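*Asks:* Work out the full structure, taking the sequences as your base and the hints as a guide.
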Amino acid sequence: LEILFLEASDEALHRRFSQTRRKHPLVGTGTVLDSIKDERDRLKDLKRMATRVIDTSNLNVHELKRMISRLYTIYPQTDTLNVNVLSFGFKYGVPAEADIIMDVRFLPNPFFIKELRDLNGTQEPVIRFVLQQEHTHRFLEKFTDLVNYLLPRYREEGKNYLTIAVGCTGGKHRSVVITEQLKEQLAGLGYPVTAGHRDVEVD
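Count along the sequence shown from 1, then add 105; that gives the number in the working numbering.
Just so you know, the hints here were simulated from the structure itself, not pulled from any lab data.
It is possible that part of the hints are untrue.
Unchecked claim - Distance condition first, Cα-Cα at most 20 Å in a straight line; then the derived EDC-like pairs of lysine to aspartate or glutamate:
1. 264 to 202
2. 128 to 144
3. 247 to 204
4. 196 to 112
5. 170 to 262
6. 149 to 160
7. 142 to 160
8. 170 to 107
9. 128 to 107
10. 149 to 204
11. 196 to 239
12. 149 to 139
13. 170 to 112
14. 142 to 115
15. 247 to 223
16. 196 to 306
17. 247 to 289
18. 152 to 107
19. 142 to 112
20. 288 to 223
Said to hold, decoys possible - Now the in silico label distances, taken between C-beta atoms and shown as ranges:
21. 177 to 258: 35 to 43 Å
22. 195 to 109: 38 to 46 Å
23. 156 to 115: 23 to 31 Å
Please read these numbers as outputs of a predicted model, since none were measured by experiment.
Note that the Cβ used here is the ideal one computed from N, Cα and C, for glycine as well.
*Replies:* Below is the structure:
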């Protein structure tokens with residue numbers, strides 16, 4: 106059995122309570138600092154029993170996560186960020202798991218082309234229609250550049266998984282094509298990437 110004890114300076118704890126606007130669980134008629142002192146007194150025996158004590162005063166949540174992962178994970182550490190690109194339809198709601206959301210409803214809608222309405226963005230006629238539009242390739246180039254810039258920043262913040270949600274009206278045509286194209290672009294840049302289509306089969 107190993108006991109990990111996390112602590113911080115009075116100043117750091119006071120700042121955190123102020124920033125989050127949360128009450129100290131031991132708050133009574135005294136100040137926050139009084140409550141912190143009371144807490145230290147109550148936990149001093151537990152701290153003495155701890156096999157490891159970490160001072161978090163100068164750590165943010167991502168740094169603390171990385172430190173604990175290095176100390177206790179049973180798996181090899183990796184700097185890889187796993188990316189999932191997910192198409193969806195705005196009419197069915199934005200995916201709750203999305204970290205980045207891109208709206209591609211500015212592209213012409215294949216739904217209004219009779220021959221394409223009942224097809225979806227995994228089929229060649231729809232792919233060809235979307236990719237032939239004036240702004241599609243320029244958009245894909247700029248969007249890929251933006252994502253390629255952002256992914257290392259997210260990794261620096263401790264993320265291991267990232268979901269990029271690409272939405273159009275129904276999630277059947279435009280967003281599906283763009284999702285597959287973005288997946289190919291990111292895979293070509295060396296990222297582990299998967300793609301999914303949440304609403305492609307929704308009637």
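*Asks:* Each hint: holds or not?
*Replies:* Hint check:
A threshold of 20 Å between alpha carbons decides the hint, and for residue 264 with residue 202 the separation of about 13 Å falls inside it, so the pair holds. Distance hint between residue 128 and residue 144 is fulfilled; the C-alpha atoms sit about 13 Å from each other, no more than 20 Å. At roughly 18 Å between alpha-carbon atoms, residue 247 and residue 204 fall within 20 Å of each other, so this suggested pair holds. Pair hint residue 196 plus residue 112 does not hold up; C-alpha atoms about 47 Å apart against a cutoff of 20 Å.
Among the hinted pairs, residue 170 with residue 262 is consistent with the structure: their alpha-carbon atoms are about 10 Å apart, no more than 20 Å. For the suggested pair residue 149 and residue 160, the alpha carbons sit about 15 Å apart, so the restraint of at most 20 Å is met. Using a Cα cut-off of 20 Å, the hinted pair residue 142 and residue 160 holds, with the two alpha carbons roughly 16 Å apart. With a CA separation close to 18 Å, the supplied pair residue 170 and residue 107 stays within the 20 Å bound.
For the suggested pair residue 128 and residue 107, the alpha carbons sit about 30 Å apart, so the restraint of at most 20 Å is broken. For the given pair, residue 149 sits about 40 Å from residue 204 by alpha-carbon distance, which is inconsistent with the 20 Å threshold. Taking the CA atoms of residue 196 and residue 239, the gap is about 25 Å. The hint is violated against a cut of 20 Å. For the given pair, residue 149 sits about 16 Å from residue 139 by alpha-carbon distance, which is consistent with the 20 Å threshold.
Note on residue 170 and residue 112: the hinted pairing holds, with a Cα-Cα distance of about 15 Å set against a maximum of 20 Å. In summary, the hint linking residue 142 to residue 115 is supported, as the alpha carbons are separated by about 8 Å, within the 20 Å threshold. Between residue 247 and residue 223 the CA atoms are separated by roughly 30 Å; this puts the pair beyond 20 Å, and the hint is violated. Using a Cα cut-off of 20 Å, the hinted pair residue 196 and residue 306 holds, with the two alpha carbons roughly 14 Å apart.
Between residue 247 and residue 289 the alpha-carbon distance is near 15 Å, which keeps this suggested pair within the 20 Å criterion. Restraint check for residue 152 and residue 107: the C-alpha separation of about 12 Å stays at or below 20 Å, so the hint holds. Of the supplied pair hints, the one linking residue 142 and residue 112 holds, its CA atoms being roughly 12 Å apart against a limit of 20 Å. With a C-alpha separation of about 24 Å, the suggested pair residue 288 and residue 223 falls outside the 20 Å cut-off, and the hint is violated.
Taking 35 to 43 Å as the suggested C-beta distance range, the pair residue 177 and residue 258 does not conform, at roughly 26 Å. Between residue 195 and residue 109 the C-beta distance comes to about 44 Å, which sits within the given range of 38 to 46 Å. Roughly 24 Å separates the CB atoms of residue 156 and residue 115, a value that falls within the hinted 23 to 31 Å.
Of the numbered hints listed earlier, those contradicted by the structure are 4, 9, 10, 11, 15, 20 and 21.
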